[in-house]
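Engineer: Sequence:
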Amino acid sequence: MIEKNTPIMEILRLNPRAREIFARHGMGCIGCLASTTETLENGAKMHGINVDALLRELNADDLPK
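In full-length UniProt numbering, the protein residues as written are 1 to 65.
Calculated directly from the structure, the hints in this document are not laboratory data. Misleading hints may appear alongside valid ones.
[What the hints assert, rightly or not] Here are the simulated SDA-like pairs of lysine to any residue, each with C-alpha atoms no more than 25 Å apart in a straight line:
#1 K4 <-> D52
#2 K4 <-> N42
#3 K45 <-> N5
#4 K45 <-> N15
#5 K45 <-> M1
#6 K4 <-> M46
#7 K4 <-> T37
#8 K45 <-> I21
#9 K45 <-> T6
#10 K4 <-> I21
#11 K4 <-> E38
#12 K45 <-> L14
#13 K4 <-> E41
#14 K4 <-> R56
#15 K45 <-> R19
#16 K4 <-> L14
#17 K4 <-> L55
#18 K45 <-> R24
#19 K4 <-> P16
#20 K4 <-> H25
#21 K45 <-> G26
#22 K4 <-> A53
#23 K45 <-> G28
#24 K4 <-> G48
#25 K45 <-> E10
#26 K45 <-> R17
#27 K45 <-> E20
#28 K4 <-> G28
It should be emphasised that the depicted structure is a prediction, and the values quoted were computed from it without experimental measurement.
Kindly generate the complete structure, drawing on both the sequences and the hints.
Structural biologist: In structure tokens form, the structure reads like this:
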């Protein structure tokens, strides 16, 4: 399960659709050097994104269908 303190790079590794989800929310995490150490919470704050909504989407999308 992805949490607020999960590093963005780890999320990209865990969830194959995370890039698409981040892009939809206006987060260009793929090219950002900070993504290797920055947490989801910090990245969301930097982009003015509701971290709880983002978490729900990332975790729901990560569930087997």
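Engineer: Does each hint fit the structure? Answer for all of them.
Structural biologist: Taking the hints in turn, this is what the structure says about them:
1. K4 <-> D52: holds (8 Å)
2. K4 <-> N42: holds (8 Å)
3. K45 <-> N5: holds (12 Å)
4. K45 <-> N15: OK: K45 and N15 at ~21 Å, within 25 Å.
5. K45 <-> M1: holds (20 Å)
6. K4 <-> M46: Distance ~14 Å between K4 and M46 Cα, so the pair holds.
7. K4 <-> T37: Holds - the C-alpha atoms of T37 and K4 are around 13 Å apart, at most 25 Å.
8. K45 <-> I21: Cα-Cα ~16 Å, so holds.
9. K45 <-> T6: holds (14 Å)
10. K4 <-> I21: holds (15 Å)
11. K4 <-> E38: This hinted pair holds, its Cα atoms lying about 10 Å apart.
12. K45 <-> L14: Given that 25 Å is the threshold and the Cα spacing comes to 21 Å, the pair holds.
13. K4 <-> E41: holds (5 Å)
14. K4 <-> R56: holds (11 Å)
15. K45 <-> R19: holds (18 Å)
16. K4 <-> L14: holds (14 Å)
17. K4 <-> L55: holds (7 Å)
18. K45 <-> R24: Given that 25 Å is the threshold and the Cα spacing comes to 16 Å, the pair holds.
19. K4 <-> P16: At roughly 18 Å apart (the allowed maximum being 25 Å), P16 and K4 satisfy the hint.
20. K4 <-> H25: holds (16 Å)
21. K45 <-> G26: Roughly 12 Å separates the two Cα atoms, so the pair holds.
22. K4 <-> A53: OK: K4 and A53 at ~11 Å, within 25 Å.
23. K45 <-> G28: Holds - the C-alpha atoms of G28 and K45 are around 13 Å apart, at most 25 Å.
24. K4 <-> G48: holds (15 Å)
25. K45 <-> E10: Status holds; Cα separation ~18 Å.
26. K45 <-> R17: holds (21 Å)
27. K45 <-> E20: holds (19 Å)
28. K4 <-> G28: holds (18 Å)
Hint violations for this structure: none, all hints satisfied.
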